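Protein chains: 4
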Amino acid sequence: MNFASDNAAVIAPEIFDAIARANDGYSLAYGNDDSTRALERRMSEFFEREVAIFLVATGTAANALAVAHFCQPWNAVLCHEASHLMTDEAGAPEFYGGGIKLVGIAGENGKIAPASLRDMIGRGRGVPHSVIPGIVSLSQSTEFGTVYRNDEVTALAEIAHERGLSVHMDGARLANALVRNNGTPADATWKAGVDVLSFGATKNGALAAEAVVFFDPGKAAGMASRRKRSGQLFSKHRFFAAQFDAYLKDGLWLKLARRANMAAADLALGLAESGLPPIWPVEANEVFVQLPAATDKRLRAAGATYVSWPPEFLPAGTPALADHKLVRLVTSFATTDADVKRFVATTRGT
Amino acid sequence: MNFASDNAAVIAPEIFDAIARANDGYSLAYGNDDSTRALERRMSEFFEREVAIFLVATGTAANALAVAHFCQPWNAVLCHEASHLMTDEAGAPEFYGGGIKLVGIAGENGKIAPASLRDMIGRGRGVPHSVIPGIVSLSQSTEFGTVYRNDEVTALAEIAHERGLSVHMDGARLANALVRNNGTPADATWKAGVDVLSFGATKNGALAAEAVVFFDPGKAAGMASRRKRSGQLFSKHRFFAAQFDAYLKDGLWLKLARRANMAAADLALGLAESGLPPIWPVEANEVFVQLPAATDKRLRAAGATYVSWPPEFLPAGTPALADHKLVRLVTSFATTDADVKRFVATTRGT
Amino acid sequence: MNFASDNAAVIAPEIFDAIARANDGYSLAYGNDDSTRALERRMSEFFEREVAIFLVATGTAANALAVAHFCQPWNAVLCHEASHLMTDEAGAPEFYGGGIKLVGIAGENGKIAPASLRDMIGRGRGVPHSVIPGIVSLSQSTEFGTVYRNDEVTALAEIAHERGLSVHMDGARLANALVRNNGTPADATWKAGVDVLSFGATKNGALAAEAVVFFDPGKAAGMASRRKRSGQLFSKHRFFAAQFDAYLKDGLWLKLARRANMAAADLALGLAESGLPPIWPVEANEVFVQLPAATDKRLRAAGATYVSWPPEFLPAGTPALADHKLVRLVTSFATTDADVKRFVATTRGT
Amino acid sequence: MNFASDNAAVIAPEIFDAIARANDGYSLAYGNDDSTRALERRMSEFFEREVAIFLVATGTAANALAVAHFCQPWNAVLCHEASHLMTDEAGAPEFYGGGIKLVGIAGENGKIAPASLRDMIGRGRGVPHSVIPGIVSLSQSTEFGTVYRNDEVTALAEIAHERGLSVHMDGARLANALVRNNGTPADATWKAGVDVLSFGATKNGALAAEAVVFFDPGKAAGMASRRKRSGQLFSKHRFFAAQFDAYLKDGLWLKLARRANMAAADLALGLAESGLPPIWPVEANEVFVQLPAATDKRLRAAGATYVSWPPEFLPAGTPALADHKLVRLVTSFATTDADVKRFVATTRGT
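Residue numbers (the working numbering), protein chains in the order written: chain A, 5 to 354; chain B, 5 to 354; chain C, 5 to 354; chain D, 5 to 354.
Since copy identity is lost for identical chains, a pair holds within one copy or between any two.
When the alpha-carbon atoms are kept at most 25 Å apart in a straight line, the in silico DMTMM-like pairs for lysine to aspartate or glutamate are as follows:
1. K345 x D28
2. K329 x D123
3. K253 x D28
4. K301 x D38
5. K259 x D28
6. K259 x E49
7. K223 x E166
8. K301 x E316
9. K195 x E54
Hints are computed from structural coordinates only; laboratory data are not their basis. Bear in mind that the values here come from a model prediction, so they are computed numbers and not experimental data.
Please put together the full structure from these sequences, using the hints given.
Structure below.
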């Protein structure tokens, strides 16, 4: 009953096999190898246009590199106030961006509303006193397990572009959102106005595979140097390219994410029926609930694993219940029906 | 009728004379001169304890150097969401601090409330995911022209120190606050728990005189290098030391700030009587009002100078009035009674 | 005949197997897992004292994090003018260190001489004008494939420590040096005065396993946050811990490095007999020679892979030969005797 | 007998008077004032083309802002190994540039030779491993008191531009060089290929007046924000504009620099006749000599002030004499003939 994080799961067999296959013979280091070239082609097919990609070690690095590349140090990154970028990366974007400022925007269900974005862009005392909004970062799926519809992304991107801002998508859980939205990867990203994507596979079955994807390769100038000096250019690059290649091949990403999302939906349904309704709509692979202390204790005793969530994130209309704890439950491709059932049953004390 | 900023005023005669007197003979560059030594002694007397001081070019530099010196790059600076540090320094603290994060705290009248500070320090997902609060920055007087009482500062400093945070005071307008609070400089700063102060004289009569003041000189280790590499070590340092020396001599700072504060009080009273009540309590040298468009036009036509203020700063209970403009009126030692009277009269159309 | 880099080789079977074994069940993310705990214990045994370790993605990251952690931004890193840190990391140390300066020291055979270190530390115009030497970085083995004897490290470390500098060892190829010096890992590092080590396993058989090792865990305070904000904290951390664990187990590191060093020795011998003497003493797993253009052509035609080396690195007494090319040949655990023999034979045109 | 630095001198009377005149009435802060506008016009006339200028507090800031603005963080600044930028700014360029690397080039008389520049640009292992040369910085006059002829600047600028690098001139003592070269300011700068200039007036009679001058205003985009966040935007900007305006008016800069240069020439002549030949050609306002210990003692006793210079800067062919000290003697507009004569006489013990 591990619901601590999708990061706690194993490597998907298909991806592990790809690493094993890559472990043969010599291959030039630092991305000058055939499998990296092959991945570039596959990624371009996946997104239905030529893209420039840069593999990196972590989602934090992908996000920080992406926003830094589209900002001058005096720019601001507009993002949801509860986004991973804002709260969970120990200041990585600020570091990579040479001291850029992250500006949080409040918004229901972890999503930014168009009016709020428009308002925030218009604020401030102007140049040179205020920082200048440079990029909007959208998390897909969001930190609360919700998903922007593609037209919602489009609406935000239009506002951003009209005002000269770029659009970044933090796709650490992009696959889970794609499954929800039923569109193509192209629809979800550049066709909706995304300029640069942090594309994660680690949470959905890879060992460590994260990419920064530029939908306009012309905007990637300098990124090779930027990645290298960030300590993000793997020497045995082929093993990272191989993971992503397997991830995209034959719709593996889709298969894995679908399983994770379905497990979350089942879990949410079961919990709701136990009187534990989700705090936010369950649209990807995360379920947030307030657990009674006794239930929490029972679950822990039964070996369930999950993390507490800071109560400051509870929505305005949802009071913190006495003797309850806000928790996050994350499913993955490895989550079994049995785990879900047992967890739900344990909440019922049955 | 110039109410644009206290920065728009001239140099106070006593300070100008000090520059003139300093302009005689040779003097070692970079602060290795007698007048700098003399200022250090005077500053220590002023604060009733040994302090370490570093003169810099601007208030922005003083603030940025001060908070950077007390933070590791992964620390957060907690400050009021409308503080100058947060909104008006183009990201200087982030730059000087190697990518530190500024975290804004909401609070009435431009002041941070103890409960809000306590709450904010307690937030987050912990190390290594979240940035770690490292310092609290308090503006005295605040960006809205209000003033913390000394015991309010003490209460916040105690919360900060208990949790391992340092306390910075942005004293770009410290003199105006001191006049209001009637205490000694020591009471207003280190006795209330302030660890490091940005002490400004420029807005109150100097040409350019800003100091970072360490109340524990032992904590200033490395600051000489930090200032130099920031491009903030003046070569002809004596002329900057001389300004501050004159500023502190014979209570000049007090005389100048008192005049500014009194002018603001008169202005606020006059405007209130004209049906234009101040948005925030007028406790220092700034008055904020919502001006009807017609009044604004009349004032501009009469040659009045002042700046519009971003409407997003209006307090929750104060709606933006239709056909009104939020404006900031700043007085200085150079503001005349005649200017105040004429401004008020013009608002009345008389 | 791949001599391009030890990074071009496969994963050693023992290490690959460890990854496979780790791929089972759930494991808390971000290093909060049992295998990471186990590695910490094994690493402490390996070095015969309690160490603090931080796994990161690349050697560049390990180096940059290590030197940044021991420096204030106004410190200088003293290193060999041809060190990897200085020439091959695209400015990573400068980036991670918030703008630290790298100061190159010339020295025979890629090594720093004690007198040169002493001289460089004594230079400059003093605080606050000059940067302050903060750390010495030694590469072991060096960029030219030579190895410091342990007493040479000790001599340099003593000079550094006497003057308040810390000592970093770039051990991207530490195993190759250990094999050469025949001492224990403790002898080669902290007993010789090393404060912090970049310990690499990737070039010697891992997929991606690099560690920053603190020999005084007390000096690692803050490093967890520093690593996270650098995007260097792997989520599926167990797979990286497992590699290092296998690397250290049963002397695998030794077995792999020995093979690499022997291949290099054989290669150097063979080339010398062909009239192609090594530019620098061959003490680890790298051989540098000046190849006649015709030989280079013949080797390339035969499928040999290796990289050209910038001619500016040739030692003072060694002129660049006309119609020759300076090349670097790197062996690894995967280099076969057959490859070495065929390469040598090809140089002879036989 | 103060030869410590031109920074130790007073403010020139004409410049002081300009400050006094500016001290009248209100003036918008932060450079939005008439005197700043007027200076922009005068500066454009001075350089015979439209320029964009940014006044800052110190020469260090001017240099650091200028090179940072023309570099990405992974670029290198090529400069003379003994330049002020390299040795005396405590790492300011590295800080402002987000971790750029400074690469020192050796060269006779403090000047870079074309062949050396060409060679250095061609070095390295290429992208993404090596930093990329982004800008060449030339000091005019140099740190050793020598002066590039305009055609020497042109030759270096052509090499730089051909290879895509920009050209910066550190003109902290530009006036002294202009006097020597007899050309126009335009000849000395943009006509010779300079893209951006640090233009200093402080060492030549101002209180504190340093400007970054862009010869192509289109390249200054973003500089207003960059300056502000560096804490380099003075609030009472008019007093800094006024200094520069007076400096350029009626050839004051020329008059002041001529006096300084002539004093240096006299000093050098006198010392040479005393058997103390200058280490480097005396072409501006600095004289370097090796003083016998007894002479040094006699001079100090007589009240002479000057600074020792690090012996590592002695040219290759000039051995450090036993019982001698390398010293720097700087003249300024305020140096009197009497001071020069007395200094020379004291060296003779007469």
